[in-house]
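Peer 1: Sequence lines, in order, name chains A and B. For the first sequence, the tail end lands on 250 under our numbering, and the numbers increase by one without skipping. For the second sequence, the tail end lands on 550 under our numbering, and the numbers increase by one without skipping.
For the record, the hints were derived by calculation from the structure and aren't laboratory data. Among these hints, one or two may not hold up.
Estimated spans, in silico, between C-beta atoms of each pair [as the list claims (entries may be wrong)]:
{"no.": "1", "chain 1": "B", "residue 1": "T362", "chain 2": "A", "residue 2": "G63", "range": "56 to 64 Å"}
{"no.": "2", "chain 1": "B", "residue 1": "A352", "chain 2": "A", "residue 2": "Q84", "range": "33 to 41 Å"}
{"no.": "3", "chain 1": "A", "residue 1": "R196", "chain 2": "B", "residue 2": "A352", "range": "32 to 40 Å"}
{"no.": "4", "chain 1": "B", "residue 1": "M347", "chain 2": "A", "residue 2": "E133", "range": "40 to 48 Å"}
{"no.": "5", "chain 1": "A", "residue 1": "F52", "chain 2": "B", "residue 2": "L313", "range": "46 to 54 Å"}
{"no.": "6", "chain 1": "B", "residue 1": "V408", "chain 2": "A", "residue 2": "Q84", "range": "42 to 50 Å"}
{"no.": "7", "chain 1": "B", "residue 1": "A343", "chain 2": "A", "residue 2": "R26", "range": "39 to 47 Å"}
{"no.": "8", "chain 1": "B", "residue 1": "A352", "chain 2": "A", "residue 2": "E208", "range": "57 to 65 Å"}
Backbone N, C-alpha and C define an ideal beta-carbon position, used for all residues, glycine too.
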Amino acid sequence: MLEIKTLSKHFGGVRAVDELDFTVRQGEIFGLIGPNGSGKSTTVNLVTGIFPPTAGEIIFDGRDITTAQPHVTLDAGIARTFQNIRLFNNMTVWENLWVAQNSAEDKKATNLLSRWMGGSRKAKSQVEEYLEFSALADKRDELAGNLAFGEQRRLEVARALAAKPKMVLLDEPAAGMNREEVRALDERLRALKARGITVLLVEHVMELVMEVTDRIAVLNFGQKIAEGTPSEIQNNQAVKDAYLGTSGD
Amino acid sequence: MIDFIQNTLDGITIGAGYALLAIGFTLIFGVLRRLNLAYGPSIMIGVFLGTFIYLHFDAGWLPVAIATVIGAILAGIYVERMCFWAIKEGAALASMVSTFAIWMQLEELVTVIFPERTYKFPTLGEMDYLEFAGLEMRAEHLIMLGIAVLMVGLLHVLLYRTRFGLSVRAVSENPAAARFMGINTGRVIFRAFILASAIGGVAGFLLVATDPTVTPKFGLQATFKGLIAMMLGGMGSIPGAIAGGVLLGIVERHMQAEFGAIMRDMAAYALLFLFLIFRPGGIMAQGVAAREAAALRRV
């Protein structure tokens with residue numbers, strides 16, 4: 002589904018990502034973990050086209066998106082959330098989803114009127130469904146900026162879904178969440194998988210990663226130091242040395 | 252007392268024109284977070300195209316109005332390509348300075364093609380004064396007010412009921428998130444520019460038609476009135492732009508009636524100065540600046 006081939010990104014002399022290789026298979030939940038500054042976010046930013054890589058290739062669904070702009074990567078089927086939440090704070094919850102829903106509809110709308118006005122009944126009922134999915138139905142008319150932190154994180158995931166992606170990249174969706182919220186997130190991730198959506202999960206909360214992912218890649222200093230199932234990763238000595246042993250999770 | 256009400260009424264009508272200019276500024280500032288000082292001069296290009304049509308083809312006010320809007324749009328596209336599209340994100344200061352350069356260029360261009368100091372512009376026709384309870388109002392002022400209200404209504408529908416409006420609001424709110432929601436921000440900015448220029452063209456036509464002389468200084472006038480009205484209202488807020496425009500119109504009118512025409516512009520700058528010191532968020536204090544401050548507080 003997503004193939005990362007000898008991907009590198011250098012910022013000046015810093016090798017933020019250094020000849021990275023991994024492949025996310027269709028329909029799986031793939032975890033990307035590593036200490037702070039190990040290149041996880043840079044990888045996500047490269048995949049979604051924030052900046053072009055120094056070298057290497059990114060193939061998604063058979064399509065070369067190495068140098069694609071953000072709106073093109075979304076077009077290809079990749080939606081994402083952000084480590085620091087980026088909602089449309091002065092729009093309502095419903096409008097936040099509506100923006101994403103519309104960008105997905107836009108490609109299909111053929112006549113000018115529906116292109117401009119948008120809003121078929123079907124499209125609106127789908128937005129309702131994402132509201133339900135993220136347990137935000139009773140907050141639909143609330144401004145996104147007024148939501149509690151956990152709700153904002155949920156809304157961001159819902160918004161990514163509303164863009165009808167084949168794959169979602171979640172950048173630390175559990176950061177700042179309590180145990181209860183993490184459990185709900187766990188269930189939601191499984192529900193995504195059940196819908197056939199591939200998930201790339203960047204996360205520090207190990208109980209979530211070890212519980213929910215099918216496979217994991219571990220980064221350190223921009224390089225991959227291990228890849229495997231959660232149990233393989235937990236027993237990997239290099240990973241323990243670099244990350245798990247020291248982080249206290 | 253009756254004079255006071257009369258002046259206020261006149262101020263509101265002129266202010267409606269200023270409000271349209273401020274809305275144009277606000278739209279551009281909203282999607283770009285950069286100032287377009289060449290906004291007024293690009294409207295001036297439209298006004299001169301209107302004058303040209305009027306003088307050479309003896310056209311009525313409607314063709315002249317259309318020519319004015321088209322001229323403003325074409326000049327607006329030129330400004331967008333030169334100052335914003337070509338100069339990439341993160342170079343806000345370079346963009347602003349380049350709009351100043353384009354401003355001078357447009358003004359020079361017009362002085363070369365139209366060497367006389369003033370040109371005539373069509374009025375909306377010879378109209379009577381309307382009288383009501385001792386107050387009088389020029390019919391074309393009433394038309395100007397009506398068109399301004401209509402434009403604001405249309406703009407509201409466009410921004411809140413259409414996909415294009417949704418994408419403009421999304422880009423104004425959070426350009427990065429908008430990009431990741433599949434919105435082609437470059438295209439939205441381009442179209443917002445066309446919209447702002449069209450609104451400016453209408454405002455330019457109305458302002459000049461009620462005071463029918465055209466000079467190259469119209470660009471400067473339009474930029475300053477629009478910019479001041481936007482700052483008074485609160486940057487980035489359309490209701491603020493309307494309130495700021497109307498306030499500016501009223502204050503100017505009263506100052507002109509009390510102290511004469513020279514004091515009018517002085518008062519406008521003084522008013523801006525007072526607002527910047529005592530209420531930097533503007534009347535609405537709900538614009539981008541205030542929002543960003545609020546966001547910072549949350550963090």
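Peer 1: Each hint needs a verdict: does it hold in this structure or not?
Peer 2: Here is how each hint holds up against the structure:
Between T362 (chain B) and G63 (chain A) the C-beta distance comes to about 59 Å, which sits within the given range of 56 to 64 Å. The given range of 33 to 41 Å is respected by A352 (chain B) and Q84 (chain A), whose C-beta atoms sit roughly 39 Å from each other. A hinted range of 32 to 40 Å is violated for the C-beta pair R196 (chain A) and A352 (chain B), which are about 53 Å apart. Checked against the given bound of 40 to 48 Å, the beta carbons of M347 (chain B) and E133 (chain A), roughly 46 Å apart, stay inside it.
Here the CB-CB span from F52 (chain A) to L313 (chain B) is close to 50 Å, well matched to the stated 46 to 54 Å. Taking the beta carbon of each, V408 (chain B) and Q84 (chain A) are about 37 Å apart, not inside 42 to 50 Å as hinted. The supplied range of 39 to 47 Å is met by A343 (chain B) and R26 (chain A), whose beta-carbon atoms lie about 43 Å from each other. Remark: the range hint 57 to 65 Å for A352 (chain B) to E208 (chain A) is upheld by a beta-carbon distance near 58 Å.
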